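Protein chains: 2
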Amino acid sequence: MRGLDLLPLDGIPMVAEGDDLCALILDAAAASGDTLADGDVLVVAQKIVSKTEGRLVRLADVEPTPRAESLAAETEKDPRVVQLILDESGEVLRARPGLIIVQHRLGMVMANAGIDASNISADGGKEFVLLLPLDPDASAARLRAELRRQAGVDVAIVISDSVGRAWRVGIVGIAIGAAGLPGVVDERGAPDLFGRPLLVTQTGLADEVASAASLLQGQGGQGRPVVRLRGLSWSAPEGTAADLVRPLEHDMFR
Amino acid sequence: MRGLDLLPLDGIPMVAEGDDLCALILDAAAASGDTLADGDVLVVAQKIVSKTEGRLVRLADVEPTPRAESLAAETEKDPRVVQLILDESGEVLRARPGLIIVQHRLGMVMANAGIDASNISADGGKEFVLLLPLDPDASAARLRAELRRQAGVDVAIVISDSVGRAWRVGIVGIAIGAAGLPGVVDERGAPDLFGRPLLVTQTGLADEVASAASLLQGQGGQGRPVVRLRGLSWSAPEGTAADLVRPLEHDMFR
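From first to last, the protein sequence lines are chains A and B. The numbers in this note's numbering rise by one with no breaks, and the one at position 10 of the first sequence is 10. The numbers in this note's numbering rise by one with no breaks, and the one at position 222 of the second sequence is 222.
Heads up, a few of these hints could be off.
No copy is singled out in the list; a pair is fine if it fits within one copy or between any two copies.
Below, computed lysine to any residue pairings styled on SDA-like, alpha-carbon distance capped at 25 angstroms [as the list claims (entries may be wrong)]: (1) 77 / 250; (2) 77 / 99; (3) 77 / 55; (4) 77 / 56; (5) 77 / 187.
Derived by calculation from the structure, the hints in this document are not laboratory data. Note that the coordinates shown come from a computational prediction; the quantities given were computed from them, not determined experimentally.
Bound conformation, chain A alone (with noise of 0.2 angstroms):
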């Protein structure tokens, strides 16, 4: 194959805590009359990982802290929200009335620390939020040892999330797990074209999976939380999502 196929795996059913995510993948790809097969990227929405790894937390079990009420007194939050978001998060980079930016303790600067209460419960969202998994990598690379177990695939797995940018419009899909792809492919030193080193050619390809799937993804993975990508290839070895994290300390753009 020389080009890229993408299909999204219908029939994901509302997943729960506990739920067989490796099972409900490989009914949807029955169901999308698909067959999964080595060398297969699955990208799969950061909201039904969160989900069935039990990230649900009722908003009524949370107690502010005083520094939580602060801080949703000057952002307009509900208090519980903010220290959901204190709890998820290393540095607060920025807030300002609906808006909390921090680094998340994962390392990603993101916008209410991830937490979304969007298509989250029937009840309008006022009683759970969603966490993002404890750890992405790792549950990437969970979901990638059972698909080999139950279907004897080797497939790499992306965990997407949607985020905002810094200096651009609309948000995109980004990759905050990964396993069995590369997270960064460093071309650092390949020649060009006239065999001239290039000299910054790290390009970030887990990032680049995760937008391509979003096309077909809608908004937070709504409809269609998993995407089947075909036809990828890469020379870097296997790596991680937290590869694509740059430490503040050495933000360029800072």
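Please build the complex by placing chain B on the supplied structure of chain A, with the hints as guidance.
Coordinates of chain B only, in the frame set by chain A:
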């Protein structure tokens, strides 16, 4: 079609100023066994657009100003390249040895104003550098119109470049020009799965298209500058890549 199909159009030759990019693309499609169809999106690497538009600049023709000389000393860069960076830029956001980050006159925040010396000339890139197109959205619209005229097809165009990002490692494809599709899909207010209005749902569609194509183009669109994407649908009105630029003063991450 339920999914997406991406195919690199092989056989695009080295291009020069004045070349008929439309004709070259149609030849490449034919040579790739592909026929462009209504609704396709063509992702075209910035470099071949810039070259056909005569945006190669001979460094010997550039006379650096004192400001450029000073910034060149600070950043250890060629003063003539720095002059071109300044000419192409609004604000200089960051300067340090080896790196100048600017807001390009087109609005994008990028290193070196998107000026690239790789893959430009066979003499080691010392003599020529390549600037971005004067107006990439207009370039995209022209190419789109020309494809309609020469081949009778209604395709969308994305002119792509690869850029570094704040807080993330690795460059990814973004749209610097677009025609025939939305740059940004604005789904603000659309209901989520439970009928509750989504709050933040502007999606950077054309950027995600560029990232998807970048998976096949490789660094800087070296060998495969044109990728045909089929199967994408959108409900938002057509826009431009300029829609993706967030004014610095509105940048919530700043």
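(Q) Name the hints, by number, that the structure is in violation of. (A) none
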